[in-house]
Amino acid sequence: MTNLLVNGTQWGDEGKGKIVDLMAPSFDVVARYQGGHNAGHTVYVNQKKIILHLIPSGILHSGKLCVIGNGVVFDPKAFLEELEELKRYGAEIDDNIVISKNAHLILPYHSLIEGISDERRGTKKIGTTSRGIGPSYEDKMARCGIRVGDLLNLPVLKEKIEANVEERNIYLDHYNQPLLDPKKIYEKYASLASQIKKYIKDVSFILDEKIREGKRILFEGAQGALLDIDHGTYPYVTSSNSTAGGVCTGLGVPPKEIDYILGVTKAYTTRVGEGSFPTEIFDEKGKLLLEKGNEFGSTTGRPRRCGWFDAVAVSYSCRLSGIDRIALTKPDVLDDFEEIRICVGYKYKGEMLKTFPTESWILDEVIPQYKKVPGWMKSIREIRDLSSLPQAFKDYVRLIEDSIQTKIAIISTGMDRRETILIESELKNIIDFDKVKKEISPKP
6 MTNLLVNGTQ WGDEGKGKIV DLMAPSFDVV ARYQGGHNAG HTVYVNQKKI
56 ILHLIPSGIL HSGKLCVIGN GVVFDPKAFL EELEELKRYG AEIDDNIVIS
106 KNAHLILPYH SLIEGISDER RGTKKIGTTS RGIGPSYEDK MARCGIRVGD
156 LLNLPVLKEK IEANVEERNI YLDHYNQPLL DPKKIYEKYA SLASQIKKYI
206 KDVSFILDEK IREGKRILFE GAQGALLDID HGTYPYVTSS NSTAGGVCTG
256 LGVPPKEIDY ILGVTKAYTT RVGEGSFPTE IFDEKGKLLL EKGNEFGSTT
306 GRPRRCGWFD AVAVSYSCRL SGIDRIALTK PDVLDDFEEI RICVGYKYKG
356 EMLKTFPTES WILDEVIPQY KKVPGWMKSI REIRDLSSLP QAFKDYVRLI
406 EDSIQTKIAI ISTGMDRRET ILIESELKNI IDFDKVKKEI SPKP
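Taking the numbering used here, I'd label the letters of the sequence shown as residues 6 to 449.
The set of hints was computed from the structure by calculation and includes no laboratory data.
Any given hint could be a false lead.
List time: in silico EDC-like cross-link candidates among lysine to aspartate or glutamate, alpha-carbon distance up to 20 Å [unchecked claim]: (1) Lys-106 <-> Asp-207; (2) Lys-383 <-> Glu-424; (3) Lys-352 <-> Glu-364; (4) Lys-165 <-> Glu-143; (5) Lys-130 <-> Asp-369; (6) Lys-53 <-> Glu-387; (7) Lys-188 <-> Glu-172; (8) Lys-206 <-> Asp-100; (9) Lys-290 <-> Asp-207; (10) Lys-188 <-> Asp-207; (11) Lys-376 <-> Asp-400; (12) Lys-53 <-> Asp-100; (13) Lys-261 <-> Glu-192; (14) Lys-82 <-> Glu-192; (15) Lys-376 <-> Asp-341; (16) Lys-220 <-> Asp-437; (17) Lys-130 <-> Glu-289; (18) Lys-54 <-> Glu-89; (19) Lys-399 <-> Glu-364; (20) Lys-292 <-> Glu-344; (21) Lys-106 <-> Glu-164; (22) Lys-203 <-> Asp-99; (23) Lys-54 <-> Glu-424.
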């Protein structure tokens with residue numbers, strides 16, 4: 006039995022959704038361990054674009070149990086809207102979704118407070134999605150949050166909403182914002198509770214049962230390692246642990262049950278929102294990456310900042326999460342580049358740094374050290390085997406592997422499932438090759 010974690014290695018938006026969707030046929034359970042509906046996993050099936058915000062990507066495959074863990078902050082309304090969208094697509098929705106009773110709820114005051122807080126920062130704002138993610142995690146740590154399990158006991162839910170709204174109204178009043186009505190919020194969430202109560206379960210217990218039965222689990226997160234609240238580019242980070250350690254606390258599973266970790270890495274670098282970005286490109290090449298890579302947030306539609314591949318950052322992420330192999334995504338976006346750069350080191354105040362610094366005042370001043378390689382100048386989107394790839398592309402892949410000291414096991418050459426090259430020697434003990442190859446084979 007092998008349980009697999011798919012983990013982003015950059016500032017998110019690496020293409021984790023497609024990789025989880027590809028791996029899902031080999032697993033019985035797909036479990037999400039952190040984040041909220043600020044994340045967006047984009048999957049293309051038969052050229053149809055599907056965006057998932059809360060529900061694991063395994064929902065697009067029949068017979069998979071999809072788990073939303075306690076490390077996720079949960080918006081019931083967003084969840085139900087996503088369910089309806091999936092039903093319209095034709096996804097199987099029955100008893101194949103469970104939500105941890107210990108996950109914390111997002112309430113209306115969370116998004117209001119987040120918007121006010123970010124605006125108050127002025128030029129130093131974080132650039133959040135203002136969907137209430139951070140304030141919900143704040144309540145969790147302050148031990149005043151409301152959990153999904155509270156939806157099963159309406160008197161308790163009412164009491165907690167009244168207490169929290171009373172306190173939040175003091176904050177809103179201070180900033181001349183309209184006050185909230187606790188009765189209306191309670192009535193709304195009591196109604197939502199009736200629609201989702203059948204999904205609320207003890208997730209840690211269920212996952213333990215599945216492991217004892219010999220079932221295979223695919224763990225997925227949101228965002229990327231460089232946005233981890235503890236190990237990312239603080240304070241321009243998310244509010245949870247997006248590195249591998251978040252699996253254990255976010256789902257209630259022991260570390261020994263994570264057998265293999267697949268890192269997802271884009272062939273260049275993007276970042277949304279504010280924060281340091283050493284390899285950011287400000288000329289026409291950056292604009293080309295933005296447009297050809299369709300680098301607009303799947304949740305907000307915001308344009309992403311684009312830059313060259315940063316091996317210093319990715320190798321740091323690989324070390325943090327213990328990445329075994331890499332899935333390289335979107336190299337096809339570089340098809341028309343005559344020359345491509347890879348950042349292989351940082352120089353700071355005249356000296357080479359030994360590792361990735363998370364301090365913003367250092368990252369703002371580092372000078373990236375680049376290696377230049379010739380581009381392959383041809384489309385790789387129709388190529389389905391490793392041997393047919395241009396030599397210049399193979400050289401680029403080898404330079405990435407050497408720079409991050411981690412082998413590449415999957416190359417995604419386009420958006421669709423079929424636009425994928427699997428390196429069997431690196432994956433043969435991890436996935437059911439026949440099932441996955443069936444997913445990526447051309448349909449008759």
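How the hints compare with the structure:
1. For the proposed pair Lys-106 and Asp-207, the alpha carbon gap of about 6 Å is at most 20 Å, so the pair holds.
2. Taking the CA atoms of Lys-383 and Glu-424, the gap is about 15 Å. The hint holds against a cut of 20 Å.
3. Note on Lys-352 and Glu-364: the hinted pairing holds, with a Cα-Cα distance of about 14 Å set against a maximum of 20 Å.
4. With a CA separation close to 16 Å, the supplied pair Lys-165 and Glu-143 stays within the 20 Å bound.
5. A C-alpha spacing of about 16 Å is found between Lys-130 and Asp-369, which places the hinted pair at or below 20 Å, so the restraint holds.
6. Taking the CA atoms of Lys-53 and Glu-387, the gap is near 18 Å; set against the 20 Å cutoff, the hint holds.
7. Straight-line distance between C-alpha atoms of Lys-188 and Glu-172 comes to about 15 Å, which keeps the hinted pair within the 20 Å bound.
8. A hinted pair counts as satisfied when its Cα atoms are at most 20 Å apart, and Lys-206 with Asp-100 qualifies at roughly 11 Å.
9. Our distance criterion of 20 Å between C-alpha atoms is broken by Lys-290 and Asp-207, whose separation comes to about 49 Å.
10. With a C-alpha separation of about 29 Å, the suggested pairing of Lys-188 with Asp-207 is violated against the 20 Å cut-off.
11. Note on Lys-376 and Asp-400: the hinted pairing holds, with a Cα-Cα distance of about 12 Å set against a maximum of 20 Å.
12. About 25 Å separates the Cα atoms of Lys-53 and Asp-100, which puts this hinted pair outside 20 Å; it is violated.
13. Restraint check for Lys-261 and Glu-192: not satisfied, since their Cα atoms lie roughly 43 Å apart, outside the 20 Å limit.
14. As the CA atoms of Lys-82 and Glu-192 are separated by approximately 13 Å, the hinted pair is consistent with the 20 Å bound.
15. Our distance criterion of 20 Å between C-alpha atoms is met by Lys-376 and Asp-341, whose separation comes to about 18 Å.
16. For the hint linking Lys-220 to Asp-437, the alpha-carbon distance of about 13 Å falls within 20 Å, and the restraint holds.
17. Between Lys-130 and Glu-289 the CA atoms are separated by roughly 27 Å; this puts the pair beyond 20 Å, and the hint is violated.
18. Restraint check for Lys-54 and Glu-89: the C-alpha separation of about 16 Å stays at or below 20 Å, so the hint holds.
19. Taking the CA atoms of Lys-399 and Glu-364, the gap is near 34 Å; set against the 20 Å cutoff, the hint is violated.
20. Restraint check: the Cα-Cα separation between Lys-292 and Glu-344 comes to about 16 Å, which is no more than 20 Å; the hinted pair holds.
21. A threshold of 20 Å between alpha carbons decides the hint, and for Lys-106 with Glu-164 the separation of about 18 Å falls inside it, so the pair holds.
22. The suggested pairing of Lys-203 with Asp-99 holds, with an alpha-carbon distance near 10 Å, which does not exceed 20 Å.
23. Proximity of Lys-54 to Glu-424 is assessed by CA-CA distance (about 14 Å); at most 20 Å being required, the pair is judged to hold.
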